[in-house]
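Novice: Here the protein sequences come in this chain order: A and B. Just so you know, the first sequence maps onto residues 270 to 647 in our numbering. Just so you know, the second sequence maps onto residues 17 to 139 in our numbering.
Hints are computed from structural coordinates only; laboratory data are not their basis. A few of these clues could be false.
Just a few of them, taken from the derived set where beta-carbon distance is under 10 Å, the chain B residues facing chain A [as the list claims (entries may be wrong)]:
1) ASP50
2) PHE53
3) SER74
4) ALA78
Think of the CB as a built atom: it goes at the ideal place given N, C-alpha and C, for glycine as much as any other residue.
So the chains spell out like this:
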Amino acid sequence: MGLAMIETINEFTTAFHQMHVDAGAKMVPFAGYDMPVSYPLGVKKEHIHTREKAGLFDVSHMGQVKLIGKNAKKALESLVPVDIIDLTLMKQRYALFTNENGGVLDDLMVTNIGNDSLMLVVNAGCKQADFAHLQNSIGSDCVVKVMEDYALLALQGPQAGGVLAALAPESCEMTFMTAKVLIINGIECLVTRSGYSGEDGFEISVHNNQAQQLAKCLLMHEAVEWIGLGARDSLRLEAGLSLYGHELDTEHSPVESSLVWALSKARRSDGARAGGYPGADVIMDHIENGVAQKIVGLQPEGRAPVRDGVMIVDEQDNNVGKVTSGGFGPTTGKPIVIARISTELSDGTKKLFAIVRDKKIAVEVVKLPFVKQNYYRG
Amino acid sequence: MTIKYSEDHEWVELAEDDLVTIGITDFAQEQLGDLVFIELPEVGDEVSQGDNICVIESVKAASDLIAPVSGEVVAVNERLNDEPELASEDPTGEGWFVKMKLSDVSELDDLMDEAAYQEFSEE
Numbered sequence: 270m271g272l273a274m275i276e277t278i279n280e281f282t283t284a285f286h287q288m289h290v291d292a293g294a295k296m297v298p299f300a301g302y303d304m305p306v307s308y309p310l311g312v313k314k315e316h317i318h319t320r321e322k323a324g325l326f327d328v329s330h331m332g333q334v335k336l337i338g339k340n341a342k343k344a345l346e347s348l349v350p351v352d353i354i355d356l357t358l359m360k361q362r363y364a365l366f367t368n369e370n371g372g373v374l375d376d377l378m379v380t381n382i383g384n385d386s387l388m389l390v391v392n393a394g395c396k397q398a399d400f401a402h403l404q405n406s407i408g409s410d411c412v413v414k415v416m417e418d419y420a421l422l423a424l425q426g427p428q429a430g431g432v433l434a435a436l437a438p439e440s441c442e443m444t445f446m447t448a449k450v451l452i453i454n455g456i457e458c459l460v461t462r463s464g465y466s467g468e469d470g471f472e473i474s475v476h477n478n479q480a481q482q483l484a485k486c487l488l489m490h491e492a493v494e495w496i497g498l499g500a501r502d503s504l505r506l507e508a509g510l511s512l513y514g515h516e517l518d519t520e521h522s523p524v525e526s527s528l529v530w531a532l533s534k535a536r537r538s539d540g541a542r543a544g545g546y547p548g549a550d551v552i553m554d555h556i557e558n559g560v561a562q563k564i565v566g567l568q569p570e571g572r573a574p575v576r577d578g579v580m581i582v583d584e585q586d587n588n589v590g591k592v593t594s595g596g597f598g599p600t601t602g603k604p605i606v607i608a609r610i611s612t613e614l615s616d617g618t619k620k621l622f623a624i625v626r627d628k629k630i631a632v633e634v635v636k637l638p639f640v641k642q643n644y645y646r647g
Numbered sequence: 017m018t019i020k021y022s023e024d025h026e027w028v029e030l031a032e033d034d035l036v037t038i039g040i041t042d043f044a045q046e047q048l049g050d051l052v053f054i055e056l057p058e059v060g061d062e063v064s065q066g067d068n069i070c071v072i073e074s075v076k077a078a079s080d081l082i083a084p085v086s087g088e089v090v091a092v093n094e095r096l097n098d099e100p101e102l103a104s105e106d107p108t109g110e111g112w113f114v115k116m117k118l119s120d121v122s123e124l125d126d127l128m129d130e131a132a133y134q135e136f137s138e139e
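Pulled out of the complex, with its shape left as it was, chain A reads as follows (with noise of 0.2 Å):
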């Protein structure tokens, strides 16, 4: 059955560590960390307990990065095709870090905490090229700190809110990519209403000497579980979410990612700031001319999901893209499939298939998000 059995010593472990092994987690390495995949509950039942109630998700691993001075809005914008500089207080923005070629290095979130300081999110597995990134850029116009002694949870599913608001009542303030420092049983914590599973809920900043007294805190409550990074990935997955590393690399541009909605009007050709990051002429190009192949969502015919990496063939035959993320969506009951396939064939017109096990199975171009998204605008 092929059961490969890897072992590999990963050198880090996040503050909950102890509380996933006494979970009963099964836990795997992941960007260098041991990291919870899944609990007890399983996969599946970890995705509709997120969807229904309330998840708990540690994602430790995560960089958290402080951009602190007076010029920390400039500087960070010089490496973004986005607008930071009008990113008012407490509010948080989705951005991109991109190369010379227009492609992508890594995505994240940014926030506006106040006192020239702003709170960025980055994937693990490009954190410490993202730290010597924004180091070596913008290290002499900014202080870049990068907050190792920090946790980071999050908090997500239709109960997220009222879980929330039970233990900080002021949370019930914030909308969808805000954020608030809140005291939740005690523990200062910065907060943002924002998330990676297509629901409402929260991502929840903690130094890691409290981050243990905060879970326990959180989980008392019956609707929160902990949810591991399998259904992570099925959640964002139905929420048609990119994920660093599938949808975006450093080959193709945000516009061929299909990420057009986050460059900023203001850093586009006939915006306020225009270019002014790395790869903005190819960027702009994209934006005005269009390009070959863009990101869909697809729905293949029948049970069998269709995994990365599957071709996607027309009815000749003809290659004309590949699968970014495939699985299974508890939530649709459905394999579901997100691909980058050439522009022309993206309106759905033309019979499309993926290739599994050298058979052909019928997918239909369809509108992402599978599930919708139940963010909280107020």
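Use these hints to put chain B onto chain A, whose structure you have.
Specialist: Then chain B, alone, in the frame of chain A:
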């Protein structure tokens, strides 16, 4: 009734003379996680020991069911087409995969008995 086990975590139950039922063990289903799709062989397929005869897809990944013995597939568990979770919930009962008519009964001697399998899967 004799039940034997393979190193690929399959069970093989000998019903009569040369007819066996094959499925995955509880250990296997636990390792695989939630099953979402199972591709079964065709009735009448001739298979050899070591062939990949089924594809088992979990939420995480695809694995193969490797024929623990050689012979002809005489029945497949059609219920797994719509209810792959049966193989997780009741792997040694309603979640069986295929029935085969053995071409070489002596191949059963290559497999482990329960005590040997217990020891093997605890390693």
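Novice: For each hint, tell me whether it holds in the structure or not.
Specialist: The hints, checked one at a time:
no. : hint  : in the structure
1   : ASP50 : 4 Å, holds
2   : PHE53 : 5 Å, holds
3   : SER74 : 8 Å, holds
4   : ALA78 : 7 Å, holds
Violated hints: none; the structure is consistent with every hint.
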